[in-house]
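Novice: Here's the letter readout for the chains.
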Amino acid sequence: MSEGERHEIGSKLSFDRGRPGRWAVSLPDCDVPLAAMPPSSLLRDELPLPEMSQPEIVRYFTNLACLNYSVDTGFYPLGSCTMKYNPKLHEDMARLPGFAAIHPLQPVEAVQGALALMFDLQCFLAEITGMKAVSLAPAAGAHGELTSVLTVRAFLEHRGESRHRVLVPDSAHGTNLATVSTAGFHCQPIASDAQGNTDLAALSAALDDDVAALMLTLPNTLGLFDQNIVEIARMVHEKGALLYCDGANLNALLGQVKIGDLGFDVVQTNLHKTFSTPHGGGGPGSGPVAVKAHLAPFLPSPIVGQDENGGYVFEEPEHSIGKVGAFQGNFGIVVRAYAYIRSLGAAGLREVSENAVLNANYLLARLRQSYDLPYERRCLHEVVFSGSRQRAKGVHTLDVAKRLIDYGFHPPTVYFPLIVDEALMIEPTETESKETLDAFCEAMLAIAREAEEEPDLLRNAPRTAPVRRLDEAAAARHPVLRWQKGERA
Amino acid sequence: MLERIGVASVDVLFDDIPSNCRNPKLSLPPPLSEPELAQELARMAARNRSVAEMPCFLGAGAYRHFIPSVVDHVVRQGAFATAYTPYQPEISQGTLQSIFEFQSLVCELTGMDVANAGMYDGASALAEACLMAVRITGRRRVALLSTVNPNYQRVVRTYAEGHALPVDVVEPDAVMLNDGHACLVVQHPNFLGYLEDVDALEKRAHAAGALYVVVPEAISLGMFKSPGEYGADIVVAEGQSLGIPLSFGGPYVGLFATRGEHIRQMPGRLVGQTKDVDGRTGYVLTLQTREQHIRRERATSNICTNEQLVALAATVYLCAMGKQGLRRVAELCYHKAHYAADRIAVLPGYSLPLAGTFFQEFVVRCPRPPREVNAALLERGIIGGLDVSERIDGGMLLCVTEMNSREEIDRLVEALSESRLW
Numbered sequence: 039m040s041e042g043e044r045h046e047i048g049s050k051l052s053f054d055r056g057r058p059g060r061w062a063v064s065l066p067d068c069d070v071p072l073a074a075m076p077p078s079s080l081l082r083d084e085l086p087l088p089e090m091s092q093p094e095i096v097r098y099f100t101n102l103a104c105l106n107y108s109v110d111t112g113f114y115p116l117g118s119c120t121m122k123y124n125p126k127l128h129e130d131m132a133r134l135p136g137f138a139a140i141h142p143l144q145p146v147e148a149v150q151g152a153l154a155l156m157f158d159l160q161c162f163l164a165e166i167t168g169m170k171a172v173s174l175a176p177a178a179g180a181h182g183e184l185t186s187v188l189t190v191r192a193f194l195e196h197r198g199e200s201r202h203r204v205l206v207p208d209s210a211h212g213t214n215l216a217t218v219s220t221a222g223f224h225c226q227p228i229a230s231d232a233q234g235n236t237d238l239a240a241l242s243a244a245l246d247d248d249v250a251a252l253m254l255t256l257p258n259t260l261g262l263f264d265q266n267i268v269e270i271a272r273m274v275h276e277k278g279a280l281l282y283c284d285g286a287n288l289n290a291l292l293g294q295v296k297i298g299d300l301g302f303d304v305v306q307t308n309l310h311k312t313f314s315t316p317h318g319g320g321g322p323g324s325g326p327v328a329v330k331a332h333l334a335p336f337l338p339s340p341i342v343g344q345d346e347n348g349g350y351v352f353e354e355p356e357h358s359i360g361k362v363g364a365f366q367g368n369f370g371i372v373v374r375a376y377a378y379i380r381s382l383g384a385a386g387l388r389e390v391s392e393n394a395v396l397n398a399n400y401l402l403a404r405l406r407q408s409y410d411l412p413y414e415r416r417c418l419h420e421v422v423f424s425g426s427r428q429r430a431k432g433v434h435t436l437d438v439a440k441r442l443i444d445y446g447f448h449p450p451t452v453y454f455p456l457i458v459d460e461a462l463m464i465e466p467t468e469t470e471s472k473e474t475l476d477a478f479c480e481a482m483l484a485i486a487r488e489a490e491e492e493p494d495l496l497r498n499a500p501r502t503a504p505v506r507r508l509d510e511a512a513a514a515r516h517p518v519l520r521w522q523k524g525e526r527a
Numbered sequence: 011m012l013e014r015i016g017v018a019s020v021d022v023l024f025d026d027i028p029s030n031c032r033n034p035k036l037s038l039p040p041p042l043s044e045p046e047l048a049q050e051l052a053r054m055a056a057r058n059r060s061v062a063e064m065p066c067f068l069g070a071g072a073y074r075h076f077i078p079s080v081v082d083h084v085v086r087q088g089a090f091a092t093a094y095t096p097y098q099p100e101i102s103q104g105t106l107q108s109i110f111e112f113q114s115l116v117c118e119l120t121g122m123d124v125a126n127a128g129m130y131d132g133a134s135a136l137a138e139a140c141l142m143a144v145r146i147t148g149r150r151r152v153a154l155l156s157t158v159n160p161n162y163q164r165v166v167r168t169y170a171e172g173h174a175l176p177v178d179v180v181e182p183d184a185v186m187l188n189d190g191h192a193c194l195v196v197q198h199p200n201f202l203g204y205l206e207d208v209d210a211l212e213k214r215a216h217a218a219g220a221l222y223v224v225v226p227e228a229i230s231l232g233m234f235k236s237p238g239e240y241g242a243d244i245v246v247a248e249g250q251s252l253g254i255p256l257s258f259g260g261p262y263v264g265l266f267a268t269r270g271e272h273i274r275q276m277p278g279r280l281v282g283q284t285k286d287v288d289g290r291t292g293y294v295l296t297l298q299t300r301e302q303h304i305r306r307e308r309a310t311s312n313i314c315t316n317e318q319l320v321a322l323a324a325t326v327y328l329c330a331m332g333k334q335g336l337r338r339v340a341e342l343c344y345h346k347a348h349y350a351a352d353r354i355a356v357l358p359g360y361s362l363p364l365a366g367t368f369f370q371e372f373v374v375r376c377p378r379p380p381r382e383v384n385a386a387l388l389e390r391g392i393i394g395g396l397d398v399s400e401r402i403d404g405g406m407l408l409c410v411t412e413m414n415s416r417e418e419i420d421r422l423v424e425a426l427s428e429s430r431l432w
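Residue numbers (our numbering), protein chains in the order written: chain A, 39 to 527; chain B, 11 to 432.
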């Protein structure tokens with residue numbers, strides 16, 4: 039795309055495209071007698087929407103898409119996000135009219151196929167996580183976190199206990215802290231030890247009978263399995279608190295271990311990450327919650343169950359926390375997850391975790407000569423490096439990331455987790471070939487050399503992207519958040 | 011690769027897992043090849059009776075509208091569908107600019123100053139709006155009209171529970187607020203399809219110093235006044251009507267808009283316009299200090315998605331329908347719903363128990379329990395309305411959209427007149 043073409047796309051919004059009177063869809067004439075219109079005081083005069091033809095719309099959005107980097111265009115090792123390739127067949131399956139064109143309030147006898155699929159997925163997720171009951175209602179990973187913590191709250195209140203604090207290790211997902219607050223608890227961070235595990239002394243000092251739960255991300259955001267897990271579970275339960283697993287990194291553990299066997303009471307899973315839904319530029323996803331039997335009566339409504347004749351029905355758990363969304367969750371994502379598990383089976387799921395972990399350790403082995411490794415351990419599904427060596431040359435992790443764009447790769451997650459200085463969090467995922475990993479390593483090694491020899495190449499990167507570095511400070515200082523009539527960018 | 015890593019087998023890489031928990035037996039069905047999987051899922055889908063194969067008169071929060079093909083053709087493009095949150099703006103301008111479009115379109119539609127990039131759905135957006143009103147006013151009570159969608163009421167209660175916020179349900183004609191109320195929530199048209207007296211309710215809310223939270227139906231905004239015109243402080247809505255498949259309840263997208271002065275208390279993602287170092291216009295995530303990944307436990311919400319692909323579908327839909335198309339869709343719904351209501355009202359045994367102006371939904375009082383009427387309709391290949399007999403004796407909530415032809419409506423009327431005899 040030429041500079042002029044890019045400028046045309048980026049500077050002209052839909053409102054400034056097309057011409058008055060254009061529209062892109064033909065609608066039928068009204069085939070019933072016209073009713074009396076409501077009083078004009080109730081009606082709007084202006085409906086300021088764009089007026090574009092169909093080809094104008096298709097070209098505009100197709101050209102916008104060309105400005106994006108995506109898994110379909112290249113390697114996307116964005117740590118903690120599991121940007122793997124997802125089979126295209128699942129997209130077609132979710133669009134079958136029998137799934138996409140059913141109304142959420144249809145009588146259950148008219149949607150037995152959908153309920154059977156939900157019931158089976160509940161069972162699959164319970165089996166994979168080693169839990170007893172599953173709710174598919176949460177619409178995203180963070181929504182599953184919130185649902186889980188509210189479930190814990192309801193369980194404790196039912197037991198007559200009022201606890202106020204939730205412990206969150208500093209190697210947990212960032213959403214966990216906000217989740218705790220949104221659920222009305224006070225959040226207390228717990229330090230990690232020198233091996234990247236939860237610090238047992240810090241945990242012991244924090245644990246008392248005011249603690250509702252410990253929220254542990256497993257593997258944590260360092261890509262490490264907590265070696266103290268058995269002891270942690272014992273300590274938490276001894277104080278009457280619950281052990282919660284942020285299961286967003288489940289692709290590291292599929293078939294290797296069941297979360298429930300490790301002593302966890304509740305886990306949220308991210309179907310879009312582990313079980314194949316393309317990330318859509320930021321959703322939609324789905325965040326089912328799996329729990330042990332003692333938490334099952336508190337799960338959100340509805341759960342799919344079976345009646346005495348084997349027919350599927352919606353049920354409300356006895357002491358349910360209520361509803362977390364208008365209907366029964368992101369069914370379209372549930373269909374994709376179901377398709378994924380059915381296509382892989384038990385052995386296939388196990389291969390997923392093997393390949394995810396193999397790929398990450400291969401990157402660790404190839405890049406450790408040039409980037410600092412803050413924890414001297416092999417990793418699971420992702421590896422976190424520190425850019426501290428490069429910073430000593432006046433080059434920051436952000437510069438390394440931007441330079442990767444010039445080499446044709448999406449950068450890793452940067453500056454997270456916060457406990458690693460100048461963090462570079464790399465998750466290759468299970469669907470990448472050795473050739474792709476090698477090409478990425480060559481780029482990373484070349485950038486490490488450039489940081490030594492030609493640091494300005496990094497500081498001025500990217501050069502090849504549709505735009506160069508953008509002024510984020512100005513965007514926040516003088517927010518322009520919408521199109522305004524008569525104002526051209 | 012193993013050699014490079016320096017281990018003998020992949021198994022060794024999992025050595026940190028306690029050995030007594032390693033390699034559990036997983037009982038799952040055997041794997042299916044692609045054609046087998048396609049057949050299996052087609053078989054399951056065929057066990058559902060879809061609205062593509064039969065007339066549907068269900069609404070109540072999810073609506074069957076025409077979806078132009080152009081919507082899915084845009085949304086399926088790999089460069090949109092397989093990207094993620096635009097953390098690297100230089101290579102995410104497609105997503106960022108389309109979010110800016112979405113925010114702009116939602117502002118125009120609702121008549122508000124700012125809109126975010128999207129929420130999970132309309133119900134959770136409402137719950138977040140109530141929490142936002144609590145933050146802004148420093149008050150703790152939430153008031154909902156009894157005519158707000160009961161599922162939305164339940165979601166508000168779930169979210170309120172965590173903060174022990176009292177939720178009061180008030181009747182539209184007897185709204186009594188005090189200085190403890192953070193907001194008054196009004197759905198318009200309400201759950202039963204009828205317009206509320208939004209001007210009087212606005213005065214009630216503001217006289218008590220509470221924020222006025224309005225939940226409009228998205229398509230109705232094609233013809234009815236926007237909430238911005240009648241004084242709303244926060245507007246939330248379900249975006250499903252705007253080109254999103256019914257999909258048994260999700261994924262959908264929640265619209266969320268407010269007045270300029272409340273920007274910093276908004277939940278969710280926001281995109282702003284800026285320049286790059288060469289002066290080119292570009293877009294970035296902005297005001298992120300409200301969000302969970304920066305503000306952490308002090309964030310305005312824990313939300314970490316904006317249902318972007320669904321928001322993109324709504325964006326393309328609004329561009330495709332445009333100024334004339336959206337008004338036309340709204341008017342078709344209005345006229346067809348009134349035609350259906352007029353015909354059903356004169357059937358022996360049926361009546362319209364509610365008075366007032368309605369948009370595309372209305373309540374019919376049936377001579378027999380609505381559950382039985384619906385069963386009889388289903389036997390005739392028609393998906394009837396929602397049973398609301400718990401609220402209104404014999405009540406069935408019917409929805410008619412531009413997708414219901416006159417022939418379908420006449421079939422419904424005919425079937426209803428028969429089912430009376432059962």
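The set of hints was computed from the structure by calculation and includes no laboratory data. A hint or two may mislead.
Claimed, not checked - Cβ-to-Cβ under 7 Å is the rule here; a few derived chain B residues that face chain A: (1) C117; (2) A133; (3) L175; (4) A309; (5) I392.
As the list claims (entries may be wrong) - Label-pair distances were calculated between CB atoms; the ranges are: (6) A:S64 x B:P34: 51 to 61 Å; (7) B:S156 x A:H224: 27 to 37 Å; (8) B:K285 x A:A385: 51 to 61 Å; (9) B:P176 x A:H224: 40 to 50 Å; (10) A:G278 x B:E400: 18 to 28 Å; (11) B:G88 x A:P493: 53 to 63 Å.
What the hints assert, rightly or not - Stretch by stretch, here's where chain B covers chain A in the computed footprint (C-beta under 8 Å, at least three residues): (12) 64-71; (13) 214-220; (14) 341-354; (15) 503-512.
The structure presented is a predicted model; accordingly, all values stated were derived computationally and were not measured. We treat Cβ as the ideally placed atom computed from N, Cα and C, and that holds for glycine.
Novice: Are the hints correct? Go through all of them and say.
Specialist: Hint check:
{"no.": "1", "hint": "C117", "result": "5 Å, holds"}
{"no.": "2", "hint": "A133", "result": "4 Å, holds"}
{"no.": "3", "hint": "L175", "result": "9 Å, violated"}
{"no.": "4", "hint": "A309", "result": "4 Å, holds"}
{"no.": "5", "hint": "I392", "result": "11 Å, violated"}
{"no.": "6", "hint": "A:S64 x B:P34: 51 to 61 Å", "result": "57 Å, holds"}
{"no.": "7", "hint": "B:S156 x A:H224: 27 to 37 Å", "result": "34 Å, holds"}
{"no.": "8", "hint": "B:K285 x A:A385: 51 to 61 Å", "result": "53 Å, holds"}
{"no.": "9", "hint": "B:P176 x A:H224: 40 to 50 Å", "result": "21 Å, violated"}
{"no.": "10", "hint": "A:G278 x B:E400: 18 to 28 Å", "result": "40 Å, violated"}
{"no.": "11", "hint": "B:G88 x A:P493: 53 to 63 Å", "result": "35 Å, violated"}
{"no.": "12", "hint": "64-71", "result": "holds (count 6)"}
{"no.": "13", "hint": "214-220", "result": "holds (count 6)"}
{"no.": "14", "hint": "341-354", "result": "violated (count 0)"}
{"no.": "15", "hint": "503-512", "result": "holds (count 9)"}
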